[in-house]
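S.K.: If you want the building blocks of each chain, they are given just below.
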Amino acid sequence: MPATAATREATLAARALTKRFGRRTALHEVSFEIYPGELVAVIGPNGAGKTTLLSILAGIEAPSEGEVLSPPGRKVGWVPQQPALYSKLSVAENLRLFARLEKLQDPEAAVERMLDQTELRERSRDEVGRLSGGNQQRINVAIGLLCEPLALLLDEPTSSLDPRQRERLWGFIGGLAGRGTTVAYSTHNVTEAERYADRVLVLVDGELLFSGTPTELEQAVGARPRDFESAFVRFIDEHGK
Amino acid sequence: MRWLLVKDLQILRRSPLLVALLIIYPITLALMIGFALSSPPGKPKVAFLTEVPKGQGRIHLGSQQINISSYAKDLYSSIQPIIVHSQAEALEAVRSGRALAALIIPADIPEQIQSLVTTGVGSPTVQLILNTRDPVEKQFADEAIQARLNDVEQAVSKQVLRVAVVDLQQVLNGGSIQFLGQTFPLLGLRNSRTLLRSAISALPARSPLRAELGRVVGFADLAIQGLAFASPVLGSIGTPLTVDQTELSGRTTPTATYAATIAVIFSLMLVTLLLAAGMLALEWEEHAFARLVRGLVSPGALLAEKVALAGGLAAAASLLMAAGVSTFVPLQWSRFPLWVVALVLAGTAFAALGVAIGGLAREVRAASLLAFMLSLPVAFVALVPAAAVSGGLKSVLDTVAFVFPFKPALDAVNNAFSDTAPAIGLPLLHLAALAVAFGLLARVALKRVA
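Residue numbers (my numbering), protein chains in the order written: chain A, 384 to 624; chain B, 1114 to 1563.
If we strip away everything but chain B, and leave its shape as in the complex, we get (with noise of 0.2 Å):
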């Protein structure tokens, strides 16, 4: 076995394709995933014009005043500002692609807010111009945008039931107001009920008015009852719901940790299956196979070959990736030792799998084009969402999954990587009953062939 394996690493070794596939592959898609993951999205171009003139940006409400202007700087926040000073320079950068949008901020928005909010009449209206070559960039843009925009409209909303909030307690409990620069007294309901009882009792025990004013107190109650509920009420429609937010006690994957994972098992899959099926079907491409198991080596100890190289090299090739990845995605490095029994393990199973492909196609292009069009369903099938499918398509995907070894390794190198659930255990027995089977499968490939 340790001459063959000598034979096939000289082989690999001239085969400059089979060595960028081996190592500038997965090299490559490590250092894609790092920065993916590790990257923010950039900030859109958007030509950005206020028509606003400086210092008007104020809207008035009572005795507080909101400055929409300062929203810009939120604003800034999430896009790339191209400041131009007119619609056609906006419209201009959007049209000559410099921008992928461009957002115009009309001279009379603060007064048409003012109005609404005051008057209830107004249609505060910002406009905001998007290129559409490009759908998804248009995409990116808009939700940038509309995000801001948001925040904008909630700020206004929250800011306008604030007033309200503080004008209905002034109506109920008195306070002063500002008007025309000048402080004047405000009574309110409870005051006034005060003043109008302490007037009945004062007043004569036949008098006519104490009826009357009897009436008046009755509808300060009922006001002050009914404010007294509103105020409450008002204040709890600026943050309308609450989320009672609970975590249940279990460790989760980092998404990114996971998505590098699926980028590691994905990449160890690829070469392995390509690997072990290319180099056991090139014994018969080169009618070498009759010749070397007449007496010189077992079927057994060929397929043993072939599994312990295509697991050995795609598992270290795997460990580089993971290597480079964890410069982008935080990998536990005390749980290295982990690593290496997980990407073995799993390294193992899928050549056992590659060497059923090749034993059964005995010949590389074939074997190469079985194994890519099973490993793509196979890790498609892995990582549909439970929730995703019904119950019983659920059970037939499941049962996929289980049979081939993309699952457990995802499972087993996953808790290695980053110590969350499932344990490790459980996943390495399975990708060993796994390869045992697989090989198993494999000899009875050479053996119908024999």
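If we strip away everything but chain A, and leave its shape as in the complex, we get (with noise of 0.2 Å):
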């Protein structure tokens, strides 16, 4: 578990962000902050408006209203839904496209760095189109550290994989995390949530209706629920619109 919010700077701090397509308003005035270390899963119903966060946060969109504050000079590394990837070049060569792309001084020594951590060196001549789902995914992740980011961010990083794929991909994540690196994901498998977040963001049709840890949001419905998924539902009935 991280330190308290208290005693640390924030890697990311989200002021008021509020998101409108036309007259349809995504996000509304959501606010929060992470912390150096902390894996953060953020949650919600289909059309919550979690893509839209993550897609500001990670600055491809910009809010309509607030801002993001991020430590300068560090990037955010993100990593879209779907691997973000070239099927017909070799993981080397996708590695070392993004490495280059980035503008790292040593972009093979990156691309080395990431074949140990993603364990693929074995397999790192191959198409990434002949790869599994998992291991396109690791591929995936691996770009968006390549700049050696303070804060990652994950798109529904295991909505494509079997189980044994998702365990293989959160050993992976938790690493990272452990390592003082902060993640934020949004999901819609809430046990997963649960498992792998320190932190849980509960948004509804655009609002931010609960920040806190797994436990916190069971304790915050009130009578006793069967498990994490159950007082997560019964908390959107509670509170959502």
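Source of the hints: derived by calculation from the structure; they are not laboratory data. Incorrect hints may appear among the rest.
[Unchecked claim] Straight-line alpha carbon distances no greater than 30 Å define the calculated DSS-like cross-link-like pairs of lysine-lysine that follow:
no.: 1; chain 1: B; residue 1: LYS1271; chain 2: B; residue 2: LYS1167
no.: 2; chain 1: A; residue 1: LYS486; chain 2: A; residue 2: LYS471
no.: 3; chain 1: A; residue 1: LYS486; chain 2: A; residue 2: LYS458
no.: 4; chain 1: B; residue 1: LYS1560; chain 2: A; residue 2: LYS471
no.: 5; chain 1: B; residue 1: LYS1156; chain 2: B; residue 2: LYS1167
no.: 6; chain 1: A; residue 1: LYS458; chain 2: A; residue 2: LYS471
no.: 7; chain 1: A; residue 1: LYS458; chain 2: B; residue 2: LYS1560
no.: 8; chain 1: B; residue 1: LYS1271; chain 2: B; residue 2: LYS1156
no.: 9; chain 1: B; residue 1: LYS1560; chain 2: A; residue 2: LYS486
Each chain sits in its own coordinate frame; assemble them with the hints.
M.R.: Printed below as a string of structure tokens:
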């Protein structure tokens, strides 16, 4: 568990983020902070604004109002939901391409580092299109880590993986957080949020309704639920519009 | 941009279908066009039967004669004759497909022609049997034979007229005629008139014959005047129409060169549009677009890379194609630098259009389909001859042709290949303007997506 928020500087902070698409408001005055080494899950029903929130934090989309604060000089890594890789290129070629585009001082060293971290060195010459979904997702995450970011944002990282692949990926992501990288991810799998998040942000219809640990969410519901998923559903029922 | 270019070249290297499209397709097209332009159409195989006995193919016209068998040699230059010896054999040759047609010259053709020209009675007829299974081949054989038969008809007509004119001159001026191996003198109207005038002057002044002979001399005067007009008129019927041909001083493109230019530009357009639209759309299909434009590459640089890739590769492939075509069709190699400039600028304009398509479609299959659907009418509109449509429609077609790169590309490359009008400057400027315009359209499409 990370130290208390009051004693540390936030890696990422959202200040009253609002995003509108025409007349529809996808996010409404969302504010929170994420601290070094923290694993934060953004959960909520479909259409709650999870992907929009991560896209704004990653700098892909601009907020209609509000701002995102991050330490100057350090990048925020971003891992899109679908592996953003070139299937005709090999594992190493994909890593090398993005390392060069990131203008890293030593692209080859970064490639070697990522091949070790993803444990895909033996498959470095294989075309990405021939890898399993799990391995593709590991490369996808590795590309987000090439610039050695303080914070890594992942959009539904396990949505297309089988249970075994999910387990391996969470082991990989947990290792990152253990080494001090702040990790925020969106998911609609609340069980994963319970197992792998230090803190959950519950987003419903573009509004942030809860920020706390999974246990705190269960407690917030009141009557003792059967499990975390039941607590989450009851929370949505009670607080949703 | 350099690393994106390297990445796209690596992807292309591992995409055999695209490589085939880039290299094999234009070269194949060039070879096909080259062969089509440089090879004359083959001669049709025609079964040929002449029933005219040897040495009896002559038609006598006064003192002259026509040997119709000499025209068979001309016919042989237009067909591949298969000599047959009976009508049944001729029919069998056509039925079996060994010959496209059969031409049968009946034995009485010289007599029929002779009778027609001397008495006006007769119907010289040759028999033509055509295989109608393939209408194109039928027309091909029919035209080749009809052209030669027309030659025979014209030759006979000319000869008849020539004989008539000679005979008329003899009636007017006198001469000699051959009959039954003997030569007989012919007095002629003018000589007759002179003799009559001499005879009249020798008669007594009150002789009643003076008036009678005077009427004969008067008739001779009228006949001489009339026939003197008739001779040149008859002579002119042999060549009834003289064409006074005037050639303007403007330079024109040889048809073969123009056809080769169309082939090169059409190929350039297809390859460039498909490549530019497809490679940009691929960035979305691989879900890489958002990752790239998130600070790694600007949208403008991404578009520039795709334009450089597609335009450069397509221009190189087109140069290769032009080199291939030049072995069949005369292209001016001395203007090679202009080939490069015209093809690169044309490739750039097409590539800009391609990235606009890719930016709007954002899916490789949709982008390819859109590129195909757009390129065919764009080429068609640019190639419609101005005289083939009405004024209003022509304005519409001209406008459509103006806003797409095909027409200026055709003009620029045509000039580069053969130094013909219009000059190359304006089309190049036009292409540059279109490249900028479509580039901006693509940028707007990316902004809309972002």
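S.K.: Against this structure, judge whether each hint is valid.
M.R.: To see whether the hints hold, each was checked on the structure:
1. B:LYS1271 / B:LYS1167: holds, 24 Å
2. A:LYS486 / A:LYS471: holds, 22 Å
3. A:LYS486 / A:LYS458: OK: LYS486 of chain A and LYS458 of chain A at ~13 Å, within 30 Å.
4. B:LYS1560 / A:LYS471: holds, 27 Å
5. B:LYS1156 / B:LYS1167: holds, 26 Å
6. A:LYS458 / A:LYS471: holds, 28 Å
7. A:LYS458 / B:LYS1560: holds, 23 Å
8. B:LYS1271 / B:LYS1156: Within the cut-off at roughly 28 Å; holds.
9. B:LYS1560 / A:LYS486: holds, 24 Å
Hint violations for this structure: none, all hints satisfied.
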